[in-house]
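J.: Chain by chain, the residues:
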Amino acid sequence: MNKFWTWVFLAAAGALVLLFFSNDFGLIDIQKTAIVAAIGIDASAEAEGEWSVTAQIAVPDANAEKASNVSIPSAKTVGAGIAEVNRKTGWYPTLVHCRLILLGDEAAEKDVFEALGYFLRSEFVEDSCLIAVCDGRAQDLLGASSPVGELTATAIAKVLSSEAQKTGLVCVTNLRDFAKGYYSRAQSGYLPYLSRLPEAEGSGGQGGQSGQSAEQGAKGGGAGGSADVFDASRTMLFYKGVRAAVLEPAETLAYNLAETSTDFAFGEVRAEEDGEEATFGLKMKITKKARALTLEGGVPVCSFRIRANAQIADASAAATLGEVARKAIVPEKVLRAAEEEFKARLASVLQKCAESGCDLFGLKQALARAYPKEYPAYEATLLADTRAAYDIRFSTLH
Amino acid sequence: MDKLKLRQVCFLFAAVLPLTKLFIYPSTLAYYAKNDLLLSCALNYLLEGAVVALVLWLASRTRCTLFELFKNTFGRTAAKVLYLLLAAFLLFSALLPMLEQKNFVMQVLYENVPSLLSFAPFFAVSCFACTKGLKTLGRIADAALPVFAAAFPALILLALPHADFATLAPAGAAGAKGIFTGSLFGLPWFCECLYPLLLLGHFEYEKGGVWKGTLAFAAGAGAVLLLLAVFYGIFEELAVLTQYPLAHIAKYTTVFTTLGRADFLFLFAMALLYIFALCVPLQLSVHCVRQAFPRLLPVIPAAAESLALLVLAIVLNYSFNAVQTFAMRYTPPLIVAFCYLLPLAALFLRRTPKEPAAKKQPPEERRARRKAPRPAHARRARKSRRAKREGT
Numbered sequence: 042m043n044k045f046w047t048w049v050f051l052a053a054a055g056a057l058v059l060l061f062f063s064n065d066f067g068l069i070d071i072q073k074t075a076i077v078a079a080i081g082i083d084a085s086a087e088a089e090g091e092w093s094v095t096a097q098i099a100v101p102d103a104n105a106e107k108a109s110n111v112s113i114p115s116a117k118t119v120g121a122g123i124a125e126v127n128r129k130t131g132w133y134p135t136l137v138h139c140r141l142i143l144l145g146d147e148a149a150e151k152d153v154f155e156a157l158g159y160f161l162r163s164e165f166v167e168d169s170c171l172i173a174v175c176d177g178r179a180q181d182l183l184g185a186s187s188p189v190g191e192l193t194a195t196a197i198a199k200v201l202s203s204e205a206q207k208t209g210l211v212c213v214t215n216l217r218d219f220a221k222g223y224y225s226r227a228q229s230g231y232l233p234y235l236s237r238l239p240e241a242e243g244s245g246g247q248g249g250q251s252g253q254s255a256e257q258g259a260k261g262g263g264a265g266g267s268a269d270v271f272d273a274s275r276t277m278l279f280y281k282g283v284r285a286a287v288l289e290p291a292e293t294l295a296y297n298l299a300e301t302s303t304d305f306a307f308g309e310v311r312a313e314e315d316g317e318e319a320t321f322g323l324k325m326k327i328t329k330k331a332r333a334l335t336l337e338g339g340v341p342v343c344s345f346r347i348r349a350n351a352q353i354a355d356a357s358a359a360a361t362l363g364e365v366a367r368k369a370i371v372p373e374k375v376l377r378a379a380e381e382e383f384k385a386r387l388a389s390v391l392q393k394c395a396e397s398g399c400d401l402f403g404l405k406q407a408l409a410r411a412y413p414k415e416y417p418a419y420e421a422t423l424l425a426d427t428r429a430a431y432d433i434r435f436s437t438l439h
Numbered sequence: 352m353d354k355l356k357l358r359q360v361c362f363l364f365a366a367v368l369p370l371t372k373l374f375i376y377p378s379t380l381a382y383y384a385k386n387d388l389l390l391s392c393a394l395n396y397l398l399e400g401a402v403v404a405l406v407l408w409l410a411s412r413t414r415c416t417l418f419e420l421f422k423n424t425f426g427r428t429a430a431k432v433l434y435l436l437l438a439a440f441l442l443f444s445a446l447l448p449m450l451e452q453k454n455f456v457m458q459v460l461y462e463n464v465p466s467l468l469s470f471a472p473f474f475a476v477s478c479f480a481c482t483k484g485l486k487t488l489g490r491i492a493d494a495a496l497p498v499f500a501a502a503f504p505a506l507i508l509l510a511l512p513h514a515d516f517a518t519l520a521p522a523g524a525a526g527a528k529g530i531f532t533g534s535l536f537g538l539p540w541f542c543e544c545l546y547p548l549l550l551l552g553h554f555e556y557e558k559g560g561v562w563k564g565t566l567a568f569a570a571g572a573g574a575v576l577l578l579l580a581v582f583y584g585i586f587e588e589l590a591v592l593t594q595y596p597l598a599h600i601a602k603y604t605t606v607f608t609t610l611g612r613a614d615f616l617f618l619f620a621m622a623l624l625y626i627f628a629l630c631v632p633l634q635l636s637v638h639c640v641r642q643a644f645p646r647l648l649p650v651i652p653a654a655a656e657s658l659a660l661l662v663l664a665i666v667l668n669y670s671f672n673a674v675q676t677f678a679m680r681y682t683p684p685l686i687v688a689f690c691y692l693l694p695l696a697a698l699f700l701r702r703t704p705k706e707p708a709a710k711k712q713p714p715e716e717r718r719a720r721r722k723a724p725r726p727a728h729a730r731r732a733r734k735s736r737r738a739k740r741e742g743t
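Protein sequences appear in the order of chains A and B. Heads up: the first sequence begins at 42 in our numbering, then just goes up one per residue. Heads up: the second sequence begins at 352 in our numbering, then just goes up one per residue.
Accuracy of the hints is not assured; some may be wrong.
[To be verified] With a straight-line cut-off of 16 Å between C-alpha atoms, the simulated EDC-like cross-links for lysine to aspartate or glutamate are:
no., chain 1, residue 1, chain 2, residue 2
1, A, Lys329, A, Asp272
2, B, Lys602, A, Asp218
3, A, Lys324, A, Glu309
4, A, Lys374, A, Glu314
5, B, Lys354, B, Glu557
6, B, Lys602, A, Glu167
7, B, Lys356, B, Asp493
8, A, Lys281, A, Asp152
9, B, Lys602, A, Glu164
10, A, Lys405, B, Glu588
11, A, Lys324, A, Glu382
12, A, Lys199, A, Asp272
[Said to hold, decoys possible] Part of the chain B face toward chain A, derived, beta carbon under 8 Å:
no., residue
13, Met457
14, Gln458
15, Ala517
16, Ala520
17, Ala524
18, Glu555
19, Gly560
20, Glu587
21, Leu592
22, Lys602
23, Tyr603
Derived by calculation from the structure, the hints in this document are not laboratory data. No residue lacks a Cβ here, since even glycine has one placed at the ideal position from N, Cα and C.
The shape of chain B in the complex, shown without the other chains (with noise of 0.2 Å):
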């Protein structure tokens, strides 16, 4: 059973989620929103905080996944065509990310530019995990928490004595829309709400699991607007030339000077932190694939996602640029659609099966039916029905 614990969902939020935006975001953001892009960042939060409050709030009231809720309210074929749109927006969502991550590992971490092929092992990497399946992710986010409270920290207190928030006064220079573009263009990294509502009915609900689920993905957003805030505190105007603030941070500290850079010991964790990060919307598309297609082995939509990265990180090697600005340009209605609307639209399904129980029962009840033990005069007359062919 691909069953998640509570526990790990909400570690899943506080711990694998925020990776997603410590890379490019924070210049990104800093581009447009300038020193109020803790404010731009917050509203963003806001509204994913919302949509994952409202989705647990519905995990509350349903054991039902999204696809029998698809299936309950517009029948199984439309269901699976759903699944399948959704899962190619995250197979598409996860393109930007992996393109930061192949920029973050090549860059920064080789003196010299290598080849593409120091990044190929990733790719081999997510379809192992997409063949695994949702329990996966929990084990993931159990790993990650005690990496992501050990090295986060680290990196942000090296960092901290050179950090001046003045600098992020005052409030609203950058105007209303400033911030609001910066919202707006920041959609691309904020398309983590739509997770929760693809884990319904895969993770077991337990009481008080809305706010639990909230407060953890609070505590997520609290480490992203932190390191935002020391990220402009060190960098200020200088932040939108500052890609890769994690990089770059914690260098500034005089305690290692004789060390050499012993910040890249927590940038590593951080940097394997975030693979599985990348993972977690492949093996969500993966997963969507198997529910539009139950009798596909996992290994087939698994090694095509893999694969068609994989493609498409040769193809846009060179052209991030043109990437992040497609995606920051033409994609918010998108993800506003996928990872807003759609968890609304959530609250609204059908949480029974529209046809009466009676007429055509589901598998599982007739599985069960056929378990329970019969009355005792249809035993009886099967009884004698065995005794008379034996007898013949």
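One chain only, chain A, in its complex shape (with noise of 0.2 Å):
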């Protein structure tokens, strides 16, 4: 008996214990609570230096998650721009589930931290949570119908996702990352460039209930059947916090094959074939990345050793049933011209750092760990100054 009752009080300390660490199991009023699942931040039209600000409210419903959005026209932070939603709407604002904080391409003119800030003060937004700048306005942007019958948070996390990234064709951040660089020696970093592409045309999806404001409403497209996709391909970079530059999307592209966690990425190469230019798409898988900034002879050089195992996934010129069988033997021509193409991204890559003053591959930070002594006499002008060396292999199998 004695041990019965021993494992009764054990049994019913363990609930205790976890009803005091958790409150999960208590209820959250949804009527009075607004589940923010993006923010959007622009600069205000109405007042110069102030901030438009707008939260996309996930609203429960039985049948399915609609949104809505709640624009603030002006604010002078954006903390008070949230604090408004909960004076207007008379919902408090909970932002434990953000998951997406949208910068709009006029709030990316200053420094972008006068309004991140709140996000890194605040213990309830998660550091994890994504950050993109786009095109024209983040409350136009969120106020798009989403192609895939969710939220358009929703649906631009998905293009934003770490699968994405992997695919080479858009370099994800997150509020933790962008800070770190933002804060560091090189003060720099990179936000996905998101645009809208009105191409989805009677998708659909369920457009126009994200679209519908609450309040003064985002003028979201997407009414009657059309949908919108969202393209991440291009990435701006920033210098501290202010937009430096853009990188297209080819150079996206290099840039995550030679820094970032891609490891698979497709790619079109152009070769000679018969005497005619033709078009391959590659299959990339990067089986050996390494990037090391040394000092030879006073000069600082960065060099890029890159291995990679490609195989043609197509090509623009019609090809014998044997070649389309060998499609895992890639032609060496191909696989220079590969390699040309990726040195020739890279290059361009780092002649926009150059050009912008975004130390967009750390440089500065690596010198001051290799080199702490001659970094200050380097600092100022390392970006320019830094000589790049390529060892850039594609092999095929044989």
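Fit chain to chain and form the complex, with the hints in mind.
T.: Listed below in structure tokens is the structure:
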């Protein structure tokens, strides 16, 4: 009996402890709470130096999850804008579930951390939430209709998922990584540059649901059966929190292949086939990537060492049956063309970095770690003075 | 008897005492020592480890408790006064970790800010633990080790892929000032070297105890240093903003994307252990009071201390930063005196009673003498006296 009561006591204590540590059993009154799924931040059109804040609020419904956008046209700070959401709607906005922060491109014309500081200070916003900048106003983009019948924020988050990063087509980042870059020696960072492509005409998304706003409302497109698709293949570079340059899709891919966690990618290469120029679609698997910064004779040298396996996924020219069957074997000239293409794109990225001051590859940090004594002498002109050395090898099955 | 096993003391060093350094301490240290936080922490650990090793060596030389050492050297009254001072210090040293735990529970484990009542059960737990004497410390240590050994590595493993250890380079970038400031201001989290001194005579010393205890302490130190490295590797310059690293380091893993924050399972386990770690100074404080006043029921000091902490938790509910700043700036001399100089001084305390045993025997010896068999002539004389009494 004693044992029985011991176990009963232990079970009761365990249950109490679970209640003690977690409020997951507590009911949240969703009638009073606005679950913010995304926040859009724009430069205010009404008052210079102020912010326009748009909160996309998830509205649970019996049939499907819908969204309602609430916009505050002008607020001195982002925090004030979010508080204004509460005052106007009577809902208490909870940011615990906010998974996306979207900046309008006008907002990126000044130090974006004037706006993002709020999220770094708040212990309720996860620093793992995605962050992106968009072509036009964030308010409009959040008002776009989703082609996948969900919240616009969710559709955008899919475009910016870690799976998208693995393909190399998108440079995904989150609040923590972007802030780390800003507060590091480099004072640099990047954000995926989203744009809306009204292409999925008649695809039957739940257009309009997320476009309808509770207050001022977003002027979202997407009514009447059309839906928008989102493209994030461009990347905006930042220096000291201000927009510095934009990487085009090919440059974004090259940067991803050289630097980020992208291991598999698809790219196009032009090469001559039977005297005519043909385009080959290559599937690439990066097997090794390394970057090092050294001082050689007083000149900073950034060495890229990349190894990749490739196979042909597609070609613009018609191929014989044997060539199609041998898709795993890539002709030597195509491999060399791929290497040259990769080098050219990477050089273009470095050129943009040098011109804009954005230390995308963290060269300053690398120099300060490896050569702390020499660092002060090179700090000011490091990006312009750095010489790139490429050791890129694409190989195929033999 | 309040006797612990050496094994339990080792487990205490390895799995319970490191916990107090896993919450606010890392971000505080990152603020002062920046990427040299490992050096700063290692310096503190070296000092603390040396004190622990010396106390364990002392344990190998004497079976006396600290109270007996004090009594032998300064007399009973002085020993009581010293023990009361120690009790007050231990209670004070529990304040900052208790507020850390309170803020952790209320900020990390709840979506919205709950009332202080949510944390109130802790004071009942601490009161109960304090009434049970030192023996429970051993049980806590026995239970803590497997939980710590499962939860801590799990959190670290989830976090490791996101850590860039190159951020810790170059060593010494913060300069000597940064490193030593970090060590000095980190002292409020390094009070544990006092605990083995108070456990002196309360655990069964075994052969090789010095090495075993020191290695266990080093294992705990290694765990803290590993967490600091992973923490800074993940957050770099943002480390100063990131309080409660345990709650954040593992959340970036994509393994549990569909499951949500599965790392919270391990976090709950660590938070549970932290409650027991918080009880340790309180239990030792109550132990000190009971040594000073042996006839006092344990529930009285236990309730008084828990109540005092509850009142402080209410009064200082919104003043954590002030308490932390006060502890870091003004208490290091006190901590050095109680936690570092006192154990060193204990090496020179008298291990045998001052007065000769013939003049005044201690009660234990008197009792032993009474129980010892009487000599034969005394037995015969007693027997004849009894027979004479019965005859009259």
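J.: Does each hint fit the structure? Answer for all of them.
T.: Hints, one by one, checked against the model:
The hinted pair formed by A:Lys329 and A:Asp272 fails the criterion: a straight-line CA distance of about 28 Å is larger than 16 Å. A distance of roughly 14 Å separates the Cα atoms of B:Lys602 and A:Asp218; the hinted pair therefore holds under the 16 Å criterion. Taken as a hint, the A:Lys324 and A:Glu309 pair is honoured in the structure, with Cα atoms around 9 Å apart against an allowance of 16 Å. Proposed proximity of A:Lys374 and A:Glu314 is supported: the alpha carbons are some 9 Å apart, at most 16 Å.
For the given pair, B:Lys354 sits about 13 Å from B:Glu557 by alpha-carbon distance, which is consistent with the 16 Å threshold. Of the pairs offered as hints, the one joining B:Lys602 and A:Glu167 holds, with about 9 Å between alpha carbons and a cut-off of 16 Å not exceeded. Taking the CA atoms of B:Lys356 and B:Asp493, the gap is near 10 Å; set against the 16 Å cutoff, the hint holds. For the proposed pair A:Lys281 and A:Asp152, the alpha carbon gap of about 7 Å is at most 16 Å, so the pair holds.
Annotation: proposed proximity of B:Lys602 to A:Glu164 holds, straight-line Cα distance about 14 Å (limit 16 Å). This hinted pair checks out: A:Lys405 and B:Glu588 have alpha carbons roughly 15 Å apart, not beyond 16 Å. Proximity of A:Lys324 to A:Glu382 is assessed by CA-CA distance (about 14 Å); at most 16 Å being required, the pair is judged to hold. Proximity of A:Lys199 to A:Asp272 is assessed by CA-CA distance (about 11 Å); at most 16 Å being required, the pair is judged to hold.
Residue-level restraint check for B:Met457 is violated (minimum Cβ-Cβ distance to chain A is 10 Å; threshold 8 Å). Interface hint status for B:Gln458: upheld, as the beta-carbon distance to the closest one in chain A is roughly 6 Å, under 8 Å. Because the closest C-beta pair between B:Ala517 and chain A is about 6 Å apart, less than 8 Å, the hint holds. Evaluation of the B:Ala520 hint against chain A yields a held restraint, the C-beta minimum of about 4 Å falling below 8 Å.
Taking 8 Å as the C-beta cut-off, the interface hint given for B:Ala524 holds, the closest approach to chain A being about 7 Å. Interface hint at B:Glu555: violated, since its Cβ lies 27 Å from the closest Cβ of chain A, which is beyond the 8 Å cut-off. The interface hint given for B:Gly560 is broken, as the beta carbon of that residue sits about 33 Å from the closest beta carbon of chain A, more than 8 Å. Because the smallest distance between the Cβ of B:Glu587 and any Cβ of chain A comes to about 5 Å, under 8 Å, the interface hint for this residue holds.
For B:Leu592, the interface hint holds, since its Cβ comes within 8 Å of a Cβ in chain A; the closest pair sits about 6 Å apart. At a threshold of 8 Å, the smallest CB-CB gap from B:Lys602 to chain A is about 6 Å, leaving the interface hint in force. At about 6 Å, the closest approach between the beta carbon of B:Tyr603 and any beta carbon in chain A falls short of 8 Å, and the interface hint on this residue holds.
Hint compliance for this structure: hints 1, 13, 18, 19 are not met, and every other hint is.
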